[in-house]
Amino acid sequence: NAGVMQNPRHLVRRRGQEARLRCSPMKGHSHVYWYRQLPEEGLKFMVYLQKENIIDESGMPKERFSAEFPKEGPSILRIQQVVRGDSAAYFCASSPWGDTEAFFGQGTRLTVV
Amino acid sequence: QQPVQSPQAVILREGEDAVINCSSSKALYSVHWYRQKHGEAPVFLMILLKGGEQKGHEKISASFNEKKQQSSLYLTASQLSYSGTYFCGTGGSGNTGKLIFGQGTTLQVKP
Chain F
1 NAGVMQNPRH LVRRRGQEAR LRCSPMKGHS HVYWYRQLPE EGLKFMVYLQ
51 KENIIDESGM PKERFSAEFP KEGPSILRIQ QVVRGDSAAY FCASSPWGDT
101 EAFFGQGTRL TVV
Chain V
1001 QQPVQSPQAV ILREGEDAVI NCSSSKALYS VHWYRQKHGE APVFLMILLK
1051 GGEQKGHEKI SASFNEKKQQ SSLYLTASQL SYSGTYFCGT GGSGNTGKLI
1101 FGQGTTLQVK P
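Protein chains in written order, with the working numbering: chain F, 1 to 113; chain V, 1001 to 1111.
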């Protein structure tokens, strides 16, 4: 049973470009969470999704950021018109249901140049 | 509100014990503990769902005091592999699984 898979592992974008981060949850997991981690800091909640539904996006910036978890395929975190401040590690986690152990992917390290 | 972890950093010799605390100003429904090594993903250690519950994982155990709104992680007879940053994540009501993480406690175990 493969773990949570994120790709790409490293992503470099120029300011103004779009970044797309993908997350395939563990088999049997229908709950997906995205977290952002700045260097030497903790994990900040961004968004919680179930299949085809956004349950809680209270941690998402109001502009340029969006997330989806379609019926088929991975969850996508999309950042439009990236700025240097978006540079961070973005982690995805999945769980079989709410408030149980969540397992993290290896993260995508986004660098905006 | 973000839970507060203490201490911020700990340096131990192999075989020594450590306690990491996690306190919240809001009611706690669950506490999740993770360890993260530099450049890697956070690794799940344990979850505590009931007040007063204690759980164990090898030589790592944790307690959850619902009344005091805090949890403690106990590391006994520490090993080099225990080095890393420990995060507590607190879950709210509604069984959502969304976690608010503390700022982390960095543990360094030396030979």
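In short, the hints are calculated from the structure, not lab data. Possibly wrong hints are sitting among the right ones.
Not everything, but these chain V residues come out facing chain F in the computed CB check (under 8 Å) [said to hold, decoys possible]:
#, residue
1, A1041
2, I1047
3, A1077
4, Q1079
5, L1080
6, G1097
7, F1101
Reference listing, derived: stretches of chain F covered by chain V, where coverage requires no fewer than 3 residues with Cβ under 8 Å from a Cβ of chain V [to be verified]:
#, region
8, 31-41
9, 45-57
10, 105-113
Note that the Cβ used here is the ideal one computed from N, Cα and C, for glycine as well.
Outcome of the hint check:
1. Look at A1041/V: its Cβ gets to within about 4 Å of chain F, closer than 8 Å, so that hint holds up.
2. For the restraint placing I1047/V at the interface with chain F, the shortest Cβ-Cβ distance is roughly 5 Å, inside the 8 Å limit, so the hint holds.
3. Using the Cβ-Cβ criterion of 8 Å, the hint placing A1077/V at the interface with chain F is not satisfied: the shortest such distance is roughly 25 Å.
4. With a cut of 8 Å, the hint placing Q1079/V at the interface with chain F is violated, because the nearest CB-to-CB distance is about 22 Å.
5. Look at L1080/V: its Cβ only gets to about 22 Å from chain F, farther than 8 Å, so that hint breaks.
6. Below 8 Å, beta-carbon pairs count as interface contacts, and G1097/V has one with chain F at about 4 Å; its hint therefore holds.
7. Proximity of F1101/V to chain F holds as hinted, the smallest CB-CB distance being about 4 Å (cut-off 8 Å).
8. By the rule of at least three residues with a Cβ nearer than 8 Å to a Cβ of chain V, the coverage given for the region 31-41 of chain F holds, with 4 such residues.
9. Three residues within the 8 Å Cβ limit are the bar, and the region 45-57 of chain F against chain V gives 4, so the coverage statement holds.
10. Look at the region 105-113 of chain F against chain V: 3 of its residues bring a Cβ nearer than 8 Å to a Cβ of that chain, three or more, so the hint holds.
Consistency note: the structure conflicts with the earlier hints numbered 3, 4 and 5.
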